[in-house]
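Chemist: Could you slot chain C onto chain A? The hints should help.
Residues per chain, in single letters:
Number of protein chains: 2
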Amino acid sequence: MDIGERDHDLRERARKVIPGGLWGHMNVNAFIPGYPQFFARGEGAELWDVDGRRFVDFMCSWGPNILGHHNPAVEDAAARQRSLGDAMNGPGAVLVELAELLVETLPFAEWALFQKNGGDATTACVTIARAGTGRRKILVARGAYHGAVPWCSPSLAGVTTEDRAHLIHYDYNDAESLKAAAEEAKGDLAGIICTAFLHDYGKDQALVDPEFARTAREICTREDAALIVDDVRAGFRLDLRGTWASVGVEADLSAYSKAVANGYALAVVAGNERFRAAARPGQVYTTGSFWYGAVSMAAAVATITTLRDEAAIAHMAAMGQRLRDGLGKLASENGLSVRQTGPAQMPMVLFDDDPDFAVGNAFCLGALKAGAYFHPRHNMFICAAHTPALIDRGLEAAAVGMKAAAQAREHRMAVA
Amino acid sequence: MDIGERDHDLRERARKVIPGGLWGHMNVNAFIPGYPQFFARGEGAELWDVDGRRFVDFMCSWGPNILGHHNPAVEDAAARQRSLGDAMNGPGAVLVELAELLVETLPFAEWALFQKNGGDATTACVTIARAGTGRRKILVARGAYHGAVPWCSPSLAGVTTEDRAHLIHYDYNDAESLKAAAEEAKGDLAGIICTAFLHDYGKDQALVDPEFARTAREICTREDAALIVDDVRAGFRLDLRGTWASVGVEADLSAYSKAVANGYALAVVAGNERFRAAARPGQVYTTGSFWYGAVSMAAAVATITTLRDEAAIAHMAAMGQRLRDGLGKLASENGLSVRQTGPAQMPMVLFDDDPDFAVGNAFCLGALKAGAYFHPRHNMFICAAHTPALIDRGLEAAAVGMKAAAQAREHRMAVA
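Note that the protein sequences, when read in sequence, are chains A and C.
Each residue of the first sequence is one higher than the last, beginning at 0 in numbering that gives the first Met the number 0.
Each residue of the second sequence is one higher than the last, beginning at 0 in numbering that gives the first Met the number 0.
Because the hints were derived from the structure by calculation, they are not lab data.
Only a predicted model underlies this, so the values are computations on that prediction, with no experimental measurement involved.
Honestly, I wouldn't trust all of these hints.
Computed beta-carbon distance windows for the label pairs [what the hints assert, rightly or not]: (1) A/A313 / C/K368: 50 to 58 Å; (2) A/P153 / C/E4: 45 to 53 Å; (3) A/P387 / C/A78: 29 to 37 Å; (4) A/T160 / C/D208: 31 to 39 Å; (5) C/A313 / A/A78: 32 to 40 Å; (6) A/R53 / C/P106: 36 to 44 Å.
Each residue gets a CB set at the ideal place from its N, CA and C atoms; glycine is no exception.
So that you can see chain A by itself, here it is in the shape it has in the complex:
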């Protein structure tokens, strides 16, 4: 799809006043040139770009949109709080309401703290783990994304060796490699950090192996270290109790963000009694100018209660399965072999024999042209505003994309 005129003009202007036109994960040039960069409007599970083109959206703001844009319960709660106050000289009563709701919802949690970015929460978890144990080593899965600050950023530009001095790597879902990493940290192990499931960029997803999760728990219990579950991306989409509740393993500390307030900026550290003291004033100091803002907290209370009361997770799983079934059928009708991995409500669609993503890109661009926004390499997201009719409209667009993908596949084979 050609770039729209207004999008093109905005990019030209942006190039002058923003390095490279846009930073970070929303720079479309970094994943699929030809996608719109600027958006005019969102409603439910649909988006309009600045040139007025409408899309059934399967990225959901890369996670934050979980109930649909302009969900009435969330918007009402936020507007009500905003009419009173947001950033004041202290929090509103809603802070306590939200912390209580989280402690009630997350079985392992006995307390919560709030921030603005997922990376604020993962960094605070690591710092609390170190303070609470008096030790330094953190075990991190190779290739995992925990944020974009020096200790964990995917880029090493501007990062010093010392920023990562006390990280030891293991392979996700590989209990033996985790044990070996723990052995290496022996006597200095502060914690193990794990994403809720394997959702690395451009790779097949995998749910957490229960045996691996139990091993992580056992190591942390034995060594009196912190098991940190990074539930920033998956939190509130797979299991309201926290993603690892489904395998019966309790974290000591867990980080949430993205979907927790349906697009309002909020992050959460939730923790258990063992690490309460390290998170107290006088110990780890973590704060921010807007971290006490009442509006995003009101939005979070409304988001979590709506997810719970409307059984939204089951709905998202069903809509994800409907999409998955449809995409599988379309792929085989077009002679394409596609891998759809991980949880249905966080779809990942990768084509076989597509190392440079040429087939995946063709699929996405074709579908985009026909009105659906997919991602060729990153996991996607279903939200509660996806209806069967919207999924089916997405599949109609996907049918166009699959034809384009089949052509790209033929082209690849002709070249090879």
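Modeler: Structure of chain C alone, referenced to chain A:
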């Protein structure tokens, strides 16, 4: 002042679900027990606590409130954008508008990036400085606050030695100590970070010494390192062009947050051509789930244009001076010696011979009881919604506080 009933109840509930009842800088127990912790409402330059007590507010949310709570221009712009979309799959057109406005407003800036916390922006500045120079050492003023992440947090709990491996300290406004630090970093100097003026906790403030600022600029120019001005706290309150514009010294990179969007969560890195390449995609990777949200950007555009069009900085300076004059008069009427340092629109009020802040605390508690919210140890903030009448109401309350302070002073002298 006794803690209100509803505030008391909320604290009891908070203690169970939040470590120590509250984290970070808004925990009132950390500075002055007896202050309300929870707030119900903000309007203009006034606050109401959860027990319905009304205060003329001189903390202004610790900085973010610069035009007054519920400023119509900001709220209208935010509401208009919200009705379209906030967190989408990419930014709105307002991103470009805001970046252009900043480049137009800040003489040194040729580009901007956006984040959510002041600490996001200072950390990104340091990382961009390192990437752009290929060097590691950062010179930091002793005691300066640049955020609450491990490399710069005021607490060392959970912080490793390596987190601060490449920091070298100097004394603010001391050109010789800065030169010595630069000498120590010789060959590996990535940058110098300076707050816009000296505004350390519990100390007299001082505007930046022009000679010191020029020395910092000269060192960075000579060594091809980055001069980073941390304008997070002062930005948009002293000089719309950036605080160091008043001394004619241009930063290479500068961090803003707090007041930039009148309470909406936003931070800014602004930079010059020299460091554009290091901030490009493919170099420093800095991103966050909510960093592209259009509502806070719309709020920032409205905030900056309103500050400019309504000459709000001159008004805030005049209101700060009115407060300063009044407080000085009240102090001398009560036989108290008070130091009011730094810029008038960011008041700092410290009493002589008050090492444990007993006199300052008595002043604040007395004034609070009479309806004004002051801080005994941290710089305060004037906003554009402070009218002469509100300042005078604040001074009436301050008169009560000064009597209490005089009693505390007498008590101190009787004990000594």
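Chemist: Can you give the numbers of the hints that this structure goes against, from lowest to highest?
Modeler: none
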